[in-house]
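Student: Spelled out from the first residue to the last, the chains are:
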Amino acid sequence: MKRNLKSIPGQSGLIGIFIIAAALILPGCTKNFEKYNTDPTKLSAAQTVAIAATAFGPMEQAIYSNYQIAQNLSADAWAGYMMSPTNFRGGINNLNYALVDGWNSTGFNDQYKLVMAPVSKIAQAGTATKAPDVWAVALLIQVEAMDRVTDRFGPIPYTKAGSSLTSIPYDDQQTVYQTFFKQIDTAVINLRAFTSNPANAGKNPIGTGDLVYSGNYAKWQKFANSLRLRLAMRIVKADPTTAQQQAEKAMSDPAGLLTSPGDDAAVAQSGTRNNDLWTVTIAYNGDNHLNAAMGSYLDGFKDPRAPIYSVPATDGTYKGIRLGIDVSKGAYKTLASYNCLSTFTQTSPQLIMTAAEMWFLRAEAALRHWKGVGGVVEDPQVDYETGITTSMQQWGVTPGTYLSDATSKQVNYVDPINAANSTPAISTITIKWDPAATDEQKLERIITQKWIAIFPDGQEAWADYRRTGYPKLFPVAQNFSTNPVIDATIQIRRIPYPSSEYQTNATAVANGIKLLGGTGDNGNSRLWWDVNKGNF
Amino acid sequence: MPRIQHNILLTMKLTVVLLIAGILQVGAATTSAQNVNLSVKEVSLKKVFKELRQQTGYNFLYNSKMLNETLPVSMSVKDMPFNQVLEKCFSNQPVTYVIAENTVIIKRKPSVAVSVVQQITVSGSVKDIKGEPIPGVTVKLKGTGTGTVTDTEGKFQLTVPDANGTLVFSFIGFQTEERAISGGTTINVVLKEQAAGLGEVVVTALGVKRSEQSLAYSTQQISTEQVNQVKTDNLMNALSGKVAGLTIAPSASGVGGSTKVILRGSRSANGNNQPLYVVDGVPILNSGNATMQPNGTFGGSSDGGDGISNLNPEDIAGISVLEGASAAALYGSLAQNGVILITTKKGKAGKAAIDFSSGYSIDHTAYRPKFQNQYGQTPGPVTGDVTSWGPSISGAPDNLKAFFQNGTNFTNAVSLSSGSEISQTYLSYANTYATGVEPGNKLKRNNFTLRETGNFLNNKLTVDGSANYINQIVDNSPQLGIYSNPLLSLYTFPRGADILPYKNQYLNPDATGFDRQNWLVNNTGDFHQDSPWWIVNREPNVSQRNRLLLNGTAKYEFAKWLSIQVRGSLDRITDDFEQDFYSGSNSLYNSNGNGAMKVSNQTLTQKYGDLLVNFTVPLQHSDFKISGVLGGSITDTELNGYTLGGNLSTPDFFTLANTIVTPAGQVAPSTNPTNVSQSTSNANGISPSHSQLQALFGNVDFSYKNWAYLTLTGRNDWSSNLSYTPNVSYFYPSAGLSLILTQMFTLPTEISYAKLRGTYAQVGNTIPPYLTNPQNTQGAGGALIFNTSVAPHTLKPEKTHSTEIGTDLRFFDNKLTFSFTYYKTNTLNQYVPVNYSAPSLVTTGYVNAGNIQNSGIEFTLGYDVLHSADLTWNTSFNGAMNKNKIIDVDSRDNINVFYLTNDGNGYQSELVKGGSYGDIYAYNILRDGQGRVVLGGDGTAGHPYTPQKTSTQQLVGNAAPKFQLGWSNSLSYQRFTFNFLIDGKFGGNVMSVTQGFLDESGVSDVTGQARAQGGVKVNGVNGSGQAVSTVDPQTWYTTLGTRGGITGAYMYSATVVRLREAALGYTWPVHNSAFKSIKLALTGRNLIYFSKKAPFDPEIAQSTGNGLSGIDVFNQPATRNVGLNLNVNF
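Protein sequence lines correspond, in order, to chains L and F. In this text, residue positions in the first sequence follow the working numbering: the first is 33, and each later residue adds one. In this text, residue positions in the second sequence follow the working numbering: the first is 3, and each later residue adds one.
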């Protein structure tokens, strides 16, 4: 009996120990949980602060995020620069006005996700007050990026972006532009305050994290003025007073505009990122070819920039592909392509604004009798010719007799594979400045040359085309738009809002469509600045 | 005497305790071997007891009245074992005794026995149907406690009171047999193995063995024979068609490929839907390598095989499939998709045994696309036009024959087993060498297993340890989809042209000295074509896996009613992967023209430990029994590794040092030359991860009179993945009731067994690591990338509610068995990624939302058709029907769609509110209100009539079968055995993007037929409302079939009925030799498609993940397999 009594407590004790051990060892010991649930390959809060300046590069690169589907297969094509020999989506796609939501939505969403969202993170860190100069650059990148969005779609969520998860109000485009100007104001003031303070001499707060100017604030100030001038001219038909005011403000700012190619703004490649034109042309096996319009002007003008821009067709001309044709009918890859062998190479930076563009804007401002640099109305001929020579300088070619060529014109387009696509030239504009010409002719000359000069920035070129109607472009060869059919004679005016907005921001986008007016959310509705009236 | 009285009182109290504890040991079988001396003449038993107590220390417990009826005892023994002395004392007495611990309890003999004097002895042997003796079979005289067990030779001997009784032979895994004694003294019995699912004792969660009748949920058992009868390179494929409610979808990625296993439908939108694999009570990993399988239709990654396929099927003793959440509730997280419990073999006490098995099988493609042989390559100077819309030809060579080869699988396994009562050893080695039907695809696997089991401290301590080492190399796992897939260029090769010259010379050395492809089209076209032989030889990939699985268990039995078990395991998988692209490869994979390489190395480690307390509440004299398990566990999973890769500097020199880390800085005209930026490394993220799950759990079983069983479980988990949320802990309960009607009531004798069961359970499932802790990252160029997702600090674990009711019935002496289950599960609180509107400036967030419901029925029906000495025939059916419904995605956030696979090549797999898991969305042919095809164009040569697609993607089908039925048969005639399994999956729709490509390129049979008959016959209407009956085939098929075309036209019924397995075996009679038995079997898998409507095998999957179900994008065809298996036992 005794033995039994002895052994049982012994066993119970052991059990007790086990159970207590279990209770202690097993659960409850969760103090390391947060450590386990922290990814060691990601940045800590302290590391984030330490490398904050490096966030600018990705934001700048995001201006061309998803380049092929966000810009190349829309704006570049509709601007008459590009046409693809690839039979995307069975030959029914943007290139013949069958708008592809999955492509075009990236040109909306990416700028919010990759530019505005990080800028908002920078703002949350208190940068606007702690480092106003850094904040200035962030604002300029944001305006540059978001201008591209509003110019594609019209009203967009801007002033209240980030205010809600589920309903983010849209602003009418006038408000968007007014906000852009105010933000440029802030940027200009902040940068001037920094650079005019002798204590900051030699300082470079964002440094090499900035893939555009390596943190050179003098250049960023020129960029700010130039961006203001670009935006001012955009709204000349919708709000001529503000347009003139802002343009004159831009041109009179002591920091100046981009004036020579050394001022050009371009985003450098970094990491594994390649030049997008190279990617779509070379890596994607020739998705990117020259548009018939571009080729017909380059050939017609015997433009010395032609071999810089383009690899010629097998017949030696710069014959491109007509927009919207059925490319499955032949070997359209044999026609002229973008020159990605020596110009738009794998690592070359991507331009976002050039000095040449400024000279053409100044020429147009002069045409409109606005006060230019130095507070006087400039001579449009000087600006026009400087624009051409600056562009040629930018690409390393000499003008020769180009400026005095009063006879060369756009040539007829002959499709060597399918004659049905051939079309006669639609422009008779020549190169040589004619002081006696009408303002309208002068504008066509300025914008046509501007169009050649700012190649390959189709986004800006498409905006100019919609605003001025220049250069004259061939209409789309096949129009597969439905519901409603896009008017091929006035050409596409905008891109419909992405379906993601209908799904996740439905109330607000409905209001955005009201603000848009026109014929609703389709390619026919004109944007606020795209007023259907004469240029003068 | 008072002292003794006192002792007796104490003893009585103790006895009650002991009785309740249920540790009574009947008879003298386990009495101590203590010896005694006794010399008495005509003394009362009482006196003998006193004497014995003094000598042995044993107490004697009795009712004095009882002893009054006993006879006096005379005896003179010396040094005789105590139990023998007791036997002598009690022979011919009206009382008998039992020994409990140190107490001998005296009780009345059963009244019948008292007067019986005429005893007989029955002996015999028990064998299985193969003639193998079965040791350990319980032989009992029906209705009494009298019984014995068979010895190692399967022999038994039993003394019974008379010749009128019936002997009952029972053994786990075999059907119980009864034999009337009828005066005979020799009874030989052949026991038949039980059909799966009817085992009396089943292994349940945590390795706990429980009687089948107490289970409130359905489980199904698979025996080692069923796994090994017809060999496959992934053992899970062997379960196909054998278990109701289990859907197996093997991947199309050749030998060593993964397999998708779904129990009772998919339920998690974002999480894993595959079951938890548990080996010998411990969860193991089932992960693939770092490159993973494709998650889009473009493909471009290789499948290195899943975790379960690594195991040696010959090591498996049995598999239990726990289908429902109820069965799995104790495993908690991860078990919400059910559990596959695998029990492995261990050494057996008794004779040493050596088993050798060898299997050789040949695979060939079970079908091929149908090609046309009437029209050749499209003419013209067009570079890269390799389509077949050209002029008539007179026949075409079979170019597929030039590429596909016979696959082979050669598996050799040997196992040694031996042991004593104290310790047992099992040692095995298996070697698998398999080649695929695509050249270069190879699998080499070595499995080593050592398992030691031992019993110590008088069998109170049981220790079980095992070690497995697995080494596996998979070469050239085929890449499915469009990228780097030889089948694309093989299938679309122009008809009429001969591919052989391109095979015989696939290399074209050029002036650079580096190999270039000899192929009819090079680096052009949107199909990204490469020569098939270039791909297999010059874009090779290899996955190597080393896996160590260690497992140790110690169990100590403190008392019959209490034991404690401690268990620990380590599962470490190291995967290496390399893929090389030679410089002649398509520029898509080789952007600088020097070649490229991709390398990954990752180690995944799972450590598991648990502690279980098994108890039985002592309630001996009650009709109630209470038992249960309490325990805790820790599972710690850690992943580390890297992937590296890039373009090469020196062409075709494949070392990491030769990869280009820094893309050249750029200096371009007119821009700032200081903007030179560098990549800091070529490393691509393998995000490491570390998750720890801690749990406390308990399970209590109540039973009443062996006919009512109530099981309650509860588990609380603490998950590190939930840190940064308010609560890392979550609890979930389950309850189950099982009623044995045949024990409750007297039912007609035709009903041998009837059980009703029902359960309700919840299972929680944690979220993935790091989800609640969004951190900023560094981009490849060293730049800060802000994480703009919203921190989901409110996330809770996913929760599945499951209800299940069912019945198990057996009729006619268990000849006919039927089991039926209805279940319904709702999975709530899923973590749904919310893509907020971009202007919200929050890219993603996660919320708990969703309600995915699976409901369905399962049944098994078995019939023992014939059962004679020579001929036996068992047949059984299993069937299941599952209905999946997305009740909600996230309507609160206005989200009604969740994309499993985003749009690619015209295929999109979605969860849509009101739809089902994995609904396929695609563009359809545009039709008018009357169903006529709306045609564009005007019918002229320049503008041919062209089909249009619908403006939006529409629901075109769902790959999940609506109903599955398996019919297996097992016959044996003398030494022959024949097994076959026919299974069918009915309903569901699948998409063949492959067929679209083949139509577009004009190589498919349908295009040939359409051209031969002058056009595609349609019921169409043109823009001016006129009827159109014929459309130009080229226009029609290039519009439909092109990438991202009208893929709704490429949906096919997924119904497929096949002869899944057949095996014909013969066992050699072996006399006087070293062998115990030799068995040879001729086997086949996937032999006949009785019905198959899709142009591919609708069962195989492009990926075993959640997306990509029911789509064929140049998947490797399913294979047909014929082989020979040899089994030798020594």
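Warning: the hint list may mix true and false statements.
Calculated from the model, a selection of chain L residues having no Cβ within reach of chain F, i.e. all distances over 10 Å [stated by the list, open to error]:
1. Thr86
2. Gly134
3. Asn141
4. Asp142
5. Met148
6. Gln206
7. Thr211
8. Asn232
9. Lys269
10. Ala457
11. Pro516
12. Asp553
Calculated lysine to any residue pairs in the SDA-like style (CA-CA distance at most 20 Å, straight line) [claimed, not checked]:
13. Lys915/F / Asn904/F
14. Lys153/L / Asn904/F
15. Lys915/F / Tyr68/L
16. Lys153/L / Ala793/F
17. Lys67/L / Asn904/F
18. Lys74/L / Gly643/F
19. Lys74/L / Ser725/F
20. Lys74/L / Leu641/F
21. Lys798/F / Tyr68/L
22. Lys67/L / Gln1036/F
23. Lys63/L / Gln1036/F
24. Lys63/L / His795/F
25. Lys915/F / Gln535/L
26. Lys361/L / Gln1036/F
27. Lys67/L / Thr607/F
28. Lys915/F / Ser532/L
29. Lys361/L / Thr948/F
Label-pair distances were calculated between CB atoms; the ranges are [stated by the list, open to error]:
30. Val899/F / Gly552/L: 20 to 28 Å
31. Phe655/F / Ile221/L: 51 to 59 Å
32. Pro456/L / Asp400/F: 50 to 58 Å
33. Gly941/F / Thr551/L: 26 to 34 Å
Hint data in this document are derived by calculation from the structure and do not stem from the laboratory. Since the structure is predicted, the reported quantities are computational estimates derived from the model, not experimental observations. Note that beta-carbon positions come from the ideal geometry of N, C-alpha and C, so glycine has one too.
Student: Could you run down the list of hints and mark each one as holding or not?
Tutor: Status of each hint after checking the structure:
For Thr86/L, the shortest C-beta to C-beta distance to chain F comes to about 4 Å, within the 10 Å cut-off, and the non-interface label is violated. With a minimum CB-CB distance of about 7 Å to chain F, Gly134/L fails to clear the 10 Å threshold, and the non-interface call is violated. Not every CB of chain F lies more than 10 Å from the CB of Asn141/L, the least distance being 4 Å, so the non-interface label is violated. A Cβ of chain F approaches the Cβ of Asp142/L within 10 Å, the least distance being about 8 Å, so the stated non-interface status is violated.
The Cβ of Met148/L does not lie farther than 10 Å from every Cβ of chain F; its closest approach is about 6 Å, which violates its non-interface assignment. Remark: the non-interface label on Gln206/L is consistent with the geometry, its nearest Cβ contact in chain F lying 18 Å away (cut-off 10 Å). Separation of Thr211/L from chain F is adequate, the least Cβ-Cβ distance of about 14 Å exceeding the 10 Å criterion. No beta-carbon of chain F is positioned within 10 Å of the beta-carbon of Asn232/L; the least distance is around 19 Å.
Even its closest Cβ contact with chain F, about 27 Å, leaves Lys269/L beyond 10 Å, as expected for a residue assigned away from the interface. Once the 10 Å rule is applied to beta carbons, Ala457/L is consistent with being away from chain F; the minimum gap is 24 Å. Even its closest Cβ contact with chain F, about 13 Å, leaves Pro516/L beyond 10 Å, as expected for a residue assigned away from the interface. Every Cβ of chain F is farther than 10 Å from the Cβ of Asp553/L; the closest lies at roughly 15 Å, confirming the non-interface assignment.
About 17 Å separates the Cα atoms of Lys915/F and Asn904/F, which keeps this hinted pair within 20 Å; it holds. With a C-alpha separation of about 29 Å, the suggested pair Lys153/L and Asn904/F falls outside the 20 Å cut-off, and the hint is violated. A C-alpha spacing of about 35 Å is found between Lys915/F and Tyr68/L, which places the hinted pair above 20 Å, so the restraint is violated. Among the hinted pairs, Lys153/L with Ala793/F is consistent with the structure: their alpha-carbon atoms are about 14 Å apart, no more than 20 Å.
Restraint check for Lys67/L and Asn904/F: the C-alpha separation of about 34 Å exceeds 20 Å, so the hint is violated. Simply put, Lys74/L and Gly643/F have alpha-carbon atoms about 15 Å apart, close enough for the 20 Å limit, and the pair holds. Distance check on the hinted pair: Lys74/L and Ser725/F sit about 17 Å apart at the alpha-carbon level, within 20 Å; holds. Distance restraint check for Lys74/L and Leu641/F: the Cα-Cα separation of roughly 15 Å lies within the 20 Å cut-off, and the hinted pair is therefore satisfied.
As the CA atoms of Lys798/F and Tyr68/L are separated by approximately 18 Å, the hinted pair is consistent with the 20 Å bound. With a C-alpha separation of about 61 Å, the suggested pairing of Lys67/L with Gln1036/F is violated against the 20 Å cut-off. Taking the CA atoms of Lys63/L and Gln1036/F, the gap is near 67 Å; set against the 20 Å cutoff, the hint is violated. With a CA separation close to 18 Å, the supplied pair Lys63/L and His795/F stays within the 20 Å bound.
About 14 Å separates the Cα atoms of Lys915/F and Gln535/L, which keeps this hinted pair within 20 Å; it holds. Straight-line distance between C-alpha atoms of Lys361/L and Gln1036/F comes to about 12 Å, which keeps the hinted pair within the 20 Å bound. For the proposed pair Lys67/L and Thr607/F, the alpha carbon gap of about 18 Å is at most 20 Å, so the pair holds. Our distance criterion of 20 Å between C-alpha atoms is met by Lys915/F and Ser532/L, whose separation comes to about 17 Å.
For the hint pairing Lys361/L with Thr948/F, the CA-to-CA distance comes to about 15 Å; that is within 20 Å, so the pair holds. In this structure the supplied range 20 to 28 Å holds for Val899/F paired with Gly552/L, their Cβ-Cβ distance being about 24 Å. Checked against the hint of 51 to 59 Å, the C-beta distance between Phe655/F and Ile221/L comes to roughly 56 Å, which is consistent with it. Pro456/L and Asp400/F have their C-beta atoms about 53 Å apart, which keeps the hinted 50 to 58 Å range intact.
Distance hint check for Gly941/F and Thr551/L: the Cβ-Cβ separation is about 32 Å, which falls inside the suggested range of 26 to 34 Å.
Hint compliance for this structure: hints 1, 2, 3, 4, 5, 14, 15, 17, 22 and 23 are not met, and every other hint is.
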